[in-house]
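Start from the sequences, fold in the hints, and give me the full structure.
Protein chains in written order, with the numbering used here: chain D, 1 to 254; chain P, 255 to 507.
These are calculated hints, taken from the structure and not from any lab test.
Take the hints with a grain of salt, since some may be wrong.
[Said to hold, decoys possible] Partial chain D-side listing against chain P, Cβ under 8 angstroms, derived:
1. 19
2. 37
3. 231
[To be verified] Quick list of the computed label-pair ranges, beta carbon to beta carbon:
4. D:94 to P:499: 54 to 64 angstroms
5. D:99 to P:332: 55 to 65 angstroms
6. P:330 to D:237: 32 to 42 angstroms
7. D:237 to P:283: 35 to 45 angstroms
8. D:128 to P:321: 58 to 68 angstroms
9. D:141 to P:283: 21 to 31 angstroms
10. P:349 to D:209: 47 to 57 angstroms
11. D:235 to P:328: 36 to 46 angstroms
12. D:94 to P:300: 47 to 57 angstroms
13. P:407 to D:209: 53 to 63 angstroms
14. D:82 to P:401: 38 to 48 angstroms
15. D:249 to P:268: 35 to 45 angstroms
16. D:81 to P:284: 29 to 39 angstroms
Even for Gly, the Cβ is constructed at its ideal location relative to N, Cα and C.
One-letter residues, chain by chain:
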Amino acid sequence: MKSPIPIFDCHGHLGSHPDFPALKYSAEEMIEVMDLLNIEALAITSTLACYSDCPRGNAEVAAVVKRYPQRFRGYVTVNPNPEGEALRELERWNYFHQPPLIKFHPDLHKYPVNGPKYRPVWDYANQTRAVVLVHTWDSDPNCGPLMFAPIGREFPHARILLGHSGVTMRGYEQSFETAKAAPNTYLDITGSQSHRTIIETAVARVGAERVLFGSDLPYLEAAMSLGRVLSARISDADKEQILRKNFLRLIEED
Amino acid sequence: MSESVIEPAFSEVASWNVFDANVRVGPSGVHGDLALETAGLLAEMDRFGIRQALTSHFVAEEYDVLAGNRALARDLHPRLVPAWAALPDKESTEKLWALRPAAVRLSFGVKKHNFSPSTWCSGELCEGLQERSILTLIAREDIEWDSLASLLQNFPRLTILLLETGYRADRYLFPLLNRHANLYIDTSTYLAHRQLESFVDQFGPGQLIFGSRLPLYTPGTTLAVLATARISDDAKLAIAGGTLRQLLGRAAQ
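Set out below in structure tokens:
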């Protein structure tokens with residue numbers, strides 16, 4: 001199985017993982033799988049940054065993006081907890097991509113995405129028309145999908161990717177509600193819960209132009225998300241939007 | 255599959271004679287429209303080239319074992335092989351043996367049938383399952399790892415198929431797989447990057463069994479992962495159904 005459409009993948013990582021033994025997670029090993037499935041490019045965030053150390057984690061991303069500029073795009077991952085660090089990191093790595101690609105992980109950083117420490121970063125994202133990928137989870141007090149409707153309305157120029165779309169069926173429902181309320185929010189389908197008909201429902205509820213493919217490489221098997229999209233009962237045009245066009249449009253490479 | 259010109263390469267699946275180890279049928283009070291009656295389930299299996307399915311019933315899992323087994327008997331089809339529900343008391347086990355089961359699904363969890371997998375509670379049931387070579391399905395969420403380890407140790411000939419392990423389970427699973435050849439897992443949520451290949455490298459394909467979690471999950475994911483795994487064709491065939499047929503054949507003998 002190979003995607004008939006070259007994929008632009010909005011959700012990948014760099015680094016190992018604490019919860020389970022990540023396998024073959026170097027950039028080169030990811031490229032091997034990307035070639036196999038026809039993933040043209042993957043946007044990556046540092047897992048070290050998502051957990052403990054943004055400056056060193058973002059530096060790891062910088063090295064990979066420099067080495068393979070055609071295959072990877074880099075998110076600047078920011079942590080609101082160390083005072084002033086988030087904006088410093090955004091300035092330090094501002095050459096990663098224009099518009100900026102920014103990653104928040106409010107669950108791991110244990111700080112609510114609507115809290116005051118995130119405000120300067122949302123302001124920055126609004127001013128720069130950044131694409132902001134945020135980890136979300138069903139009803140999570142730090143990053144439940146419903147929290148993003150007011151944020152989206154307050155910062156209308158930021159483009160917000162609801163990472164994993166809240167994961168569960170209820171999380172998807174919450175993501176649909178948010179997408180309805182804030183037109184600058186988008187559903188990223190990355191995730192391990194593969195509910196039957198969820199892709200079809202997402203397309204029906206928010207439109208194919210607001211649904212994006214993500215693999216979670218190198219933690220989840222990329223073929224899993226690909227199989228979900230390719231086997232969904234939606235049109236070929238919708239599949240092409242999800243697998244490629246939507247992310248290209250958002251990062252302004254189309 | 256659909257009439258799409260962007261046709262996923264599921265066509266090879268038809269030649270695998272897929273036997274899905276993790277399927278449920280009937281109405282669900284929890285899962286609503288995702289649940290399917292027999293005709294709908296068979297249509298989904300056809301769509302993905304799944305030939306047969308080891309099937310339990312939502313009514314047995316969510317409500318009552320006896321009512322659920324009656325519902326399963328009512329809803330069966332020649333392509334659906336029953337995984338009957340079971341309880342540890344004497345009356346229930348006698349009714350279970352009368353069904354001459356090839357497979358059962360145990361739901362120990364406190365929010366399900368609420369009984370212990372320990373020998374003091376389930377010893378006679380497990381002994382009976384072991385003696386009859388009945389394939390025993392247990393969802394990971396229904397048993398703690400230490401209880402599973404005890405079960406495997408106390409009943410070394412009891413064939414256990416652990417369902418829905420999740421992809422983060424290797425640090426628990428691998429020590430158990432190293433000790434117990436009678437432990438099998440299904441692929442429904444075993445979906446980490448390069449995980450199938452790693453498993454086959456370490457243990458061979460023999461303890462890995464295809465499961466989709468239909469009708470809740472789409473088989474499009476698990477079939478795609480198996481189709482793209484860099485393992486031999488023989489390994490894919492074993493995972494897709496060969497091993498499951500062998501295990502069910504033991505009970506029939």
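Cross-check of the supplied hints:
no.	hint	verdict
1	19	5 angstroms, holds
2	37	7 angstroms, holds
3	231	3 angstroms, holds
4	D:94 to P:499: 54 to 64 angstroms	59 angstroms, holds
5	D:99 to P:332: 55 to 65 angstroms	57 angstroms, holds
6	P:330 to D:237: 32 to 42 angstroms	41 angstroms, holds
7	D:237 to P:283: 35 to 45 angstroms	37 angstroms, holds
8	D:128 to P:321: 58 to 68 angstroms	60 angstroms, holds
9	D:141 to P:283: 21 to 31 angstroms	28 angstroms, holds
10	P:349 to D:209: 47 to 57 angstroms	55 angstroms, holds
11	D:235 to P:328: 36 to 46 angstroms	38 angstroms, holds
12	D:94 to P:300: 47 to 57 angstroms	53 angstroms, holds
13	P:407 to D:209: 53 to 63 angstroms	55 angstroms, holds
14	D:82 to P:401: 38 to 48 angstroms	42 angstroms, holds
15	D:249 to P:268: 35 to 45 angstroms	37 angstroms, holds
16	D:81 to P:284: 29 to 39 angstroms	38 angstroms, holds
In this structure, none of the earlier numbered hints is contradicted; all agree with it.
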